[in-house]
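Asker: So you can see what is in the structure, the chains are spelled out below.
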Amino acid sequence: QKEVEQNSGPLSVPEGAIASLNCTYSDRGSQSFFWYRQYSGKSPELIMFIYSNGDKEDGRFTAQLNKASQYVSLLIRDSQPSDSATYLCAALSGGGADGLTFGKGTHLIIQP
Amino acid sequence: EADIYQTPRYLVIGTGKKITLECSQTMGHDKMYWYQQDPGMELHLIHYSYGVNSTEKGDLSSESTVSRIRTEHFPLTLESARPSHTSQYLCATEGGNSEAFFGQGTRLTVV
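Protein sequence lines correspond, in order, to chains A and B.
Here the first sequence is numbered in this note's numbering, starting from 33 and rising by one per residue.
Here the second sequence is numbered in this note's numbering, starting from -13 and rising by one per residue.
Hints are computed from structural coordinates only; laboratory data are not their basis.
The beta-carbon is built from N, C-alpha and C at its ideal position, and this holds for glycine as well.
Warning: the hint list may mix true and false statements.
[What the hints assert, rightly or not] Pulled from the structure, derived: some chain B residues nowhere near chain A, Cβ distances all over 12 Å:
1. P(-6)
2. K4
3. I5
4. T6
5. S50
6. S53
7. I55
8. R56
9. T57
10. H59
11. P69
12. H71
13. T72
14. V96
15. V97
[Unchecked claim] Derived lysine to any residue pairs resembling SDA-like cross-links, with alpha carbons at most 20 Å apart:
16. B/K43 / A/S125
17. A/K74 / B/S10
18. A/K74 / B/T(-7)
Given these sequences and hints, build the entire structure.
Answerer: In structure tokens, the structure reads:
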């Protein structure tokens, strides 16, 4: 059973601070990992993806992957109130035939 | 501009009615998906397609059916709507890096 686990939150972070979102996955064969942002009542939007161990940066966002620990994280620097949303972690398993496995999401609140 | 279109955005319908949720894409992607998501809850995969004439059931059992006659079009049909079908339905395509691109969703309410 492929699983992606996230703390549901809410995670409350002051404006301007770094928000750290974490995700673990059960399938060691997972190849690629994705972070999505979902505002209430809207559809998920892709933030970034990562498939190699280490860090990947895109603007204020940094994704981190540790395959040995089966751990993925997303850092948001200089957090803004507009970053308040639910963040979904997703994994593509080795077969990838039936698409991504999504976590339940972490609700992030940026306090002005 | 390449995109994914879902219609209608909102639908309120009576129990027992047949409905079709439309999903069209101009991204040229072969793989397409339907997810179901209740408010504040996780995404559940209900159907997917590898391409024309390919349809598969997802992890969550669903009374809906899908068809894929054209690459661009992946409609979802409920033959007889019930209040338990009230949810948000999200259509998605798969990009070259296996990322999912989502449409704006259809919020269905069955009364």
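Asker: Would you check whether the claim that B/P69 is not at the interface survives, using Cβ distances to chain A and the 12 Å cut-off?
Answerer: holds, 20 Å
Asker: B/S50: least C-beta distance to chain A exceeds 12 Å?
Answerer: Given a closest Cβ separation of 17 Å, the condition holds.
Asker: Beyond 12 Å from every chain A Cβ: check whether that's true for B/R56.
Answerer: Holds: least Cβ distance 20 Å, greater than 12 Å.
Asker: Given the hinted pair B/K43 and A/S125, is their Cα-Cα distance within 20 Å?
Answerer: The given pair, whose Cα atoms are some 18 Å apart, holds under the 20 Å limit.
Asker: Taking the shortest Cβ-to-Cβ distance between B/P(-6) and chain A, state whether it exceeds 12 Å.
Answerer: Fine: 15 Å to the nearest Cβ keeps B/P(-6) off the interface.
Asker: The output says B/V97 does not contact chain A. Does that hold with a beta carbon cutoff of 12 Å?
Answerer: holds, 19 Å
Asker: Going by Cβ atoms, does B/V96 stay more than 12 Å from chain A at every point?
Answerer: holds, 18 Å
Asker: Any Cβ of chain A at or closer than 12 Å to B/S53, or is the non-interface label fine?
Answerer: holds, 18 Å
Asker: Far enough from chain A: is every CB of that chain over 12 Å from the CB of B/I5?
Answerer: holds, 19 Å
Asker: Regarding the pair A/K74 and B/T(-7), is the alpha-carbon distance no greater than 20 Å?
Answerer: Distance ~14 Å between A/K74 and B/T(-7) Cα, so the pair holds.
Asker: Quick check for students: does the CB of B/T57 sit more than 12 Å from each CB in chain A?
Answerer: The claim holds: B/T57 sits with its nearest Cβ about 17 Å from chain A, beyond 12 Å.
Asker: If you draw a straight line from the CA of A/K74 to the CA of B/S10, is it 20 Å or shorter?
Answerer: Since the Cα atoms of A/K74 and B/S10 sit roughly 18 Å apart, the hinted pair holds (cutoff 20 Å).
The structure is consistent with each of the numbered hints, conforming to all of them.
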